[in-house]
Amino acid sequence: MTQFLKYLLASLILFFFLFPIYWLLITAFKPSEEWFNWPPILIPTTLTWNNFLGLEGGFYGGMASVVNITPYLRNSVVVATVTAFASTIIGAAAAYAISRFKVGGIHFANWIISIRMLPPVASALPLYLIFSQLRLLNTQFVLILAHLVFTAPLSTWILITFFNDIPKELDEAALVDGASPLNAFFHIILPLSAPGLAAVATLAFIQSWGEFLLALVLTSNADAQTLPIYLGRYITGFRIAWGPLAAAGLINMVPVILFSLLMQRYLIRGLTFGAVKG
Amino acid sequence: MYLHSRVSAIILILPLVLVLASLTIYPFLNMVYMSFHNYDLAKGGDPKFIGLGNYLAIFKDRLAISSVEFTAILVVIALPLEMLFGMGIAWLFRNLIVGERFMRSLVLLPMMVPAVVAGIAWKMLFNYNFGPLNYFLSLFGISNISWLGDPNFARLGIIIVDLWQWTPFVFLVLYSGLQSMPAELVEAARVDGASSWAVIRYVELPILAPLIGTVLIIRLIDLLKLFDIIYMITWGGPGSATHSFSYYIYKVGLSYGWDVGYASALSIVLLIVVVFLVNLLMRVLRLRALLEL
Chain A
1 MTQFLKYLLA SLILFFFLFP IYWLLITAFK PSEEWFNWPP ILIPTTLTWN
51 NFLGLEGGFY GGMASVVNIT PYLRNSVVVA TVTAFASTII GAAAAYAISR
101 FKVGGIHFAN WIISIRMLPP VASALPLYLI FSQLRLLNTQ FVLILAHLVF
151 TAPLSTWILI TFFNDIPKEL DEAALVDGAS PLNAFFHIIL PLSAPGLAAV
201 ATLAFIQSWG EFLLALVLTS NADAQTLPIY LGRYITGFRI AWGPLAAAGL
251 INMVPVILFS LLMQRYLIRG LTFGAVKG
Chain B
1 MYLHSRVSAI ILILPLVLVL ASLTIYPFLN MVYMSFHNYD LAKGGDPKFI
51 GLGNYLAIFK DRLAISSVEF TAILVVIALP LEMLFGMGIA WLFRNLIVGE
101 RFMRSLVLLP MMVPAVVAGI AWKMLFNYNF GPLNYFLSLF GISNISWLGD
151 PNFARLGIII VDLWQWTPFV FLVLYSGLQS MPAELVEAAR VDGASSWAVI
201 RYVELPILAP LIGTVLIIRL IDLLKLFDII YMITWGGPGS ATHSFSYYIY
251 KVGLSYGWDV GYASALSIVL LIVVVFLVNL LMRVLRLRAL LEL
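Protein chains in written order, with this note's numbering: chain A, 1 to 278; chain B, 1 to 293.
Any given hint might turn out to be false.
Reference excerpt, derived from the structure (chain A facing chain B, CB under 8 angstroms, subset only) [to be verified]:
hint: 1; residue: Pro20
hint: 2; residue: Ser123
hint: 3; residue: Phe141
With a straight-line cut-off of 16 angstroms between C-alpha atoms, the simulated EDC-like cross-links for lysine to aspartate or glutamate are [said to hold, decoys possible]:
hint: 4; chain 1: A; residue 1: Lys102; chain 2: B; residue 2: Glu69
hint: 5; chain 1: A; residue 1: Lys6; chain 2: B; residue 2: Glu69
hint: 6; chain 1: B; residue 1: Lys225; chain 2: B; residue 2: Glu69
hint: 7; chain 1: A; residue 1: Lys102; chain 2: A; residue 2: Glu172
hint: 8; chain 1: A; residue 1: Lys168; chain 2: B; residue 2: Glu292
Rather than coming from a laboratory, the hints here were simulated on the basis of the structure. Quick reminder that beta carbons are idealized off the backbone N, C-alpha and C, glycines included.
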């Protein structure tokens with residue numbers, strides 16, 4: 001194959017992968033007259049911020065007014081941030097115990113990773129039943145707990161591979177000098193694995209931020225519902241207000257894309273359970 | 001000193017164990033219990049023991065069987081295509097002279113898009129009257145396709161979206177594998193007169209085999225869990241054409257119906273399959289060596 005053909009093929013591939021994102025991006029900035037056109041407007045000439053401000057498209061899909069996104073955004077930020085911090089702290093502590101003291105051994109590690117792979121739909125039903133008995137449904141707290149079930153195992157897992165890369169002599173020397181394991185953990189391991197901690201926190205944030213099924217089942221209104229649920233609600237009408245919907249989608253997507261690009265090196269380690277160090 | 005370390009280690013691991021145990025072990029036992037009972041939240045009343053009744057009902061449930069069928073179609077069609085395209089793109093990009101890093105970052109974007117947002121984007125693309133997809137097809141003389149109204153096209157649509165979102169993942173893993181491969185191996189084969197196909201077949205593929213296995217199983221499990229995109233794009237429709245097994249469980253137990261007993265039985269079946277696959281994954285990952293346990 002000549003280089004020309006290779007680049008042609010590569011361009012076609014890029015077009016396929018990027019066009020849907022491009023379409024979302026431009027639709028978010030299109031005024032309502034340009035949402036439903038034939039032929040579709042591929043390169044918009046008039047751009048507007050109105051879709052983000054809730055000023056456009058009040059007449060479509062039978063919506064009297066566009067639902068305010070702010071509470072959903074707030075819930076998403078709170079839930080994803082707390083989940084990210086909690087899962088990093090819990091994961092780091094457990095990963096240190098497993099990496100250095102082999103607590104639980106292979107079976108415990110096996111159990112952790114199995115939980116990570118569980119189908120969310122299978123945990124959604126029992127979690128719903130428990131939390132409804134505890135009268136905790138529709139709270140941010142419940143959603144954080146539910147998200148921890150799959151973020152904490154992954155954080156632990158990835159951090160084990162990070163900690164294993166730190167020479168054992170470092171903390172063993174500290175232990176010999178009389179430091180407690182907890183001291184060695186806080187003063188030697190944690191500072192040395194800062195990039196790993198950041199990567200793990202980011203991964204947990206991304207997962208919680210985009211999680212849909214558990215949020216759908218465990219929350220029921222703006223008190224605790226997150227952005228993905230907000231997006232799901234829009235899609236029901238016969239004629240959907242594409243502009244505001246795309247704008248909300250963009251708000252949901254942008255932080256994730258930024259974080260992932262920053263953490264690209266570690267993303268792959270997370271997604272393959274450490275099989276690829278990246 | 002040893003005892004002291006042991007105690008510290010257990011203190012450190014305790015939070016994780018508490019969170020996971022309280023949120024998985026009790027719910028799981030509860031689910032097993034429910035799966036042997038007739039219990040429907042919509043009808044009320046107490047759980048009534050019916051033995052294997054819920055499990056036997058699955059075989060007579062036309063919708064359950066068709067959701068297994070669609071899930072099987074997803075696995076049989078989407079999985080090999082994702083693997084092939086992912087590999088193809090990895091090899092193509094590796095042979096580009098310039099711009100490979102930049103283009104790699106761009107190809108990765110779809111898998112970073114939250115599933116719900118991907119659903120919105122594709123729902124717009126699939127639109128019958130105004131969608132860009134039908135527009136592009138019309139340029140080739142193909143008349144408008146009812147992507148979401150026709151059962152077969154709706155199924156094809158879900159497959160396309162999954163390909164779009166997860167081929168980049170396969171690509172990324174295999175590409176990283178190719179990158180970290182010792183250059184001397186390929187060089188040596190070339191010097192010995194191997195064709196580029198022979199290099200791929202006899203040098204690169206065998207080295208990549210564990211990675212390919214890892215990706216294959218991860219993708220397989222993910223396909224069994226497919227839910228978000230279906231909820232956003234087709235709502236399982238038209239009719240029940242795009243009910244995946246996960247979507248059907250949701251429908252039975254958590255939305256249109258509240259048949260906890262039956263949904264639990266369905267979930268247990270799904271769990272058994274997934275746990276089997278996870279164990280396979282452990283073998284491929286060579287867990288003990290990977291975690292240095």
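Minimum beta-carbon distance criterion (8 angstroms), Pro20/A to chain B: At about 4 angstroms, which falls below the 8 angstroms cut-off, the nearest Cβ of chain B leaves the hint on Pro20/A intact, so it holds.
Lys102/A and Glu172/A: Cα distance at most 16 angstroms? Holds: Lys102/A and Glu172/A sit about 15 angstroms apart, inside 16 angstroms.
Hint check, Phe141/A versus chain B [nearest Cβ-Cβ separation less than 8 angstroms]: At 13 angstroms from the nearest chain B Cβ, Phe141/A fails the 8 angstroms test, so the hint is violated.
Under the criterion that the straight-line Cα-Cα distance not exceed 16 angstroms, is the pair Lys168/A, Glu292/B satisfied? 12 angstroms, holds
Against chain B, with CB atoms and a cut of 8 angstroms, does the hint on Ser123/A hold up? 6 angstroms, holds
Restraint status (C-alpha distance of Lys6/A to Glu69/B at most 16 angstroms): Since the Cα atoms of Lys6/A and Glu69/B sit roughly 38 angstroms apart, the hinted pair is violated (cutoff 16 angstroms).
Pair hint Lys225/B and Glu69/B, alpha-carbon separation not exceeding 16 angstroms: 14 angstroms, holds
Tell me if the straight-line CA distance from Lys102/A to Glu69/B falls inside 16 angstroms. 43 angstroms, violated
The structure does not agree with the numbered hints 3, 4 and 5 stated previously, though it agrees with the rest.
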